[in-house]
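Using the sequences and the hints, build the whole thing.
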Amino acid sequence: MSRVSFLLGETGLTIRQSGWISVVAILLTALSFTTVGLFLWLARMLGSAEAHWRGEMRIVAYLNDEANAESLLQTVRGWPEVREARLVTKAEALERLRGYLADRRELLGSLPSNPLPASLELGLAADAVTPEETQALAGRVGRLRGVDEVQYTAEWVERLDRWRRVLSAVGLGVGGFLALAAVLTVTTSATLATHARRREMEVMRLVGSGEGLIRGPFLLQGMIQGIVGALVALGCLVVAEIVLAPRLAPLLALTLGLEPVTFLSPRDGAVLLAGGAVLGGLGSLLAVGRGMRP
Amino acid sequence: MIEFEHVSKVYESKGSAEGVRALDDVTFVIQKGEFVCFVGPSGAGKSTLLHLLVREELPTEGQIRVGGKNLLRLRRRSIPRLRRLIGVIFQDGRLLPDRTVFHNVALALRVHGAARADVRWRTQHALRAVGLVPKEGAYPWALSGGERQRVAIARALVREPVLLLADEPTGDLDDDSAGEIMELFKVVNTRGTTVVVATHEQGLAARMRQRTIQLMAGRVVKDSGGPV
Numbered sequence: 001m002s003r004v005s006f007l008l009g010e011t012g013l014t015i016r017q018s019g020w021i022s023v024v025a026i027l028l029t030a031l032s033f034t035t036v037g038l039f040l041w042l043a044r045m046l047g048s049a050e051a052h053w054r055g056e057m058r059i060v061a062y063l064n065d066e067a068n069a070e071s072l073l074q075t076v077r078g079w080p081e082v083r084e085a086r087l088v089t090k091a092e093a094l095e096r097l098r099g100y101l102a103d104r105r106e107l108l109g110s111l112p113s114n115p116l117p118a119s120l121e122l123g124l125a126a127d128a129v130t131p132e133e134t135q136a137l138a139g140r141v142g143r144l145r146g147v148d149e150v151q152y153t154a155e156w157v158e159r160l161d162r163w164r165r166v167l168s169a170v171g172l173g174v175g176g177f178l179a180l181a182a183v184l185t186v187t188t189s190a191t192l193a194t195h196a197r198r199r200e201m202e203v204m205r206l207v208g209s210g211e212g213l214i215r216g217p218f219l220l221q222g223m224i225q226g227i228v229g230a231l232v233a234l235g236c237l238v239v240a241e242i243v244l245a246p247r248l249a250p251l252l253a254l255t256l257g258l259e260p261v262t263f264l265s266p267r268d269g270a271v272l273l274a275g276g277a278v279l280g281g282l283g284s285l286l287a288v289g290r291g292m293r294p
Numbered sequence: 295m296i297e298f299e300h301v302s303k304v305y306e307s308k309g310s311a312e313g314v315r316a317l318d319d320v321t322f323v324i325q326k327g328e329f330v331c332f333v334g335p336s337g338a339g340k341s342t343l344l345h346l347l348v349r350e351e352l353p354t355e356g357q358i359r360v361g362g363k364n365l366l367r368l369r370r371r372s373i374p375r376l377r378r379l380i381g382v383i384f385q386d387g388r389l390l391p392d393r394t395v396f397h398n399v400a401l402a403l404r405v406h407g408a409a410r411a412d413v414r415w416r417t418q419h420a421l422r423a424v425g426l427v428p429k430e431g432a433y434p435w436a437l438s439g440g441e442r443q444r445v446a447i448a449r450a451l452v453r454e455p456v457l458l459l460a461d462e463p464t465g466d467l468d469d470d471s472a473g474e475i476m477e478l479f480k481v482v483n484t485r486g487t488t489v490v491v492a493t494h495e496q497g498l499a500a501r502m503r504q505r506t507i508q509l510m511a512g513r514v515v516k517d518s519g520g521p522v
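Top to bottom, those sequences are chains A and B.
First residue of the first sequence: 1, per our numbering; consecutive thereafter.
First residue of the second sequence: 295, per our numbering; consecutive thereafter.
No lab work stands behind these hints, which were simulated from the structure alone.
Treat the numbers as computed from the prediction; the structure is a model and nothing was measured.
Taking lysine to any residue pairs in the SDA-like style, the calculated list, with each CA pair at most 25 Å apart, reads:
1) K363(B) <-> E202(A)
2) K429(B) <-> L13(A)
3) K363(B) <-> E211(A)
4) K363(B) <-> G210(A)
5) K363(B) <-> G212(A)
6) K363(B) <-> L376(B)
7) K429(B) <-> G9(A)
8) K429(B) <-> E200(A)
9) K326(B) <-> R205(A)
Structure follows, in structure tokens:
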């Protein structure tokens, strides 16, 4: 216990002696983690939208007037890639249009007959939602006798997926670069601290102190800097969530049909703090491993 | 307690292919409880000898045993255990300027995980032995040279080592202070601690009337063999 309190006391002294360089290391760690956190949040939101729309994905086959709709319905229901299939009759299509037009229904009154085609709406099985599978299935549907036109929505969902990947990569790239800068700053901070406390380390060695106790404060210093940096980042992300989430909610609902995604779960917070400790510890390890031979 | 067997130490030097020979075929034995002064001018090899004893360096040739341990076979992780047996004092005291007298002395106990009450009791005991209890709250820069050296002695003695090594402990002191420090070493020695002092002051060593080993250019040129 006494040795632990000694270690903690020496760590506090090391941090105080490091001064501004400690603050810079903490800020760089915070900047790095905030950047990664924001990009991952955006990526997660796009991922969530993508998953949502993949679940909603449909192939719509418009039928001509000669088509045997019931027979076609039975045919597509027999295909394994089709999770569900539904026939929308000409009358139902017109009714839907009336619903969309709401207070301008009088426009439809002037039509001599119902111009809308009947259609088949196909919901896809989970393993058929890749662009290739969807395209192949749409091709098969299009070749059925009585089908005039086929529409499907896979392309822009894939575009969402590409954006999600790009954002993740950019976030990790920029965050990684900043994390490297943070590690090097922690290394510099620990190196300066080892120089400032050279005499003390020399005395400690002479009185028979183990290397763990001599190097320990520098390692702890780095880990504490990393954890504090991660805590600052966590605070920034929480503030960003409080400020941004209410403003983004209507936009997300309108464009992506989504509720805003939570920035950080408790697990994310724990990972962030552990990441800070590892990053700071690594920075210190580079310093004490390099410049502190007994 | 200490055995040097044909020990040589050569430092690499840019100007010389053979290097600088700090110690040359040095052989001696110091028994437990002895008081020995190594005397010689600067460059005679006194400090090198002490650095070898605390395993800060290894000899180029020969064998060294301290307390029965062969220092050449000592693993790196066992070095702290060796140093716990030894108290070391340097000419400049090597005190930490940002810590009080009390904390400078207590450091030697705290790094070994001594309990708080134990640290307080033993530190005060060591300070009492060197007559510095009233100055326990002072910082090193507020002390005289003799007082600083006494703090260093208290730090070396606080763990009750079996061997006390002092490298030019009176180098910066006036005659009176130097005499006091040497008397302090005598008291420590009478309690059973082996004391080894390296000094360039031949007169001071002579006044101690203890065994004296004279070094010159890295070689032992005279060993009184016992108290004189």
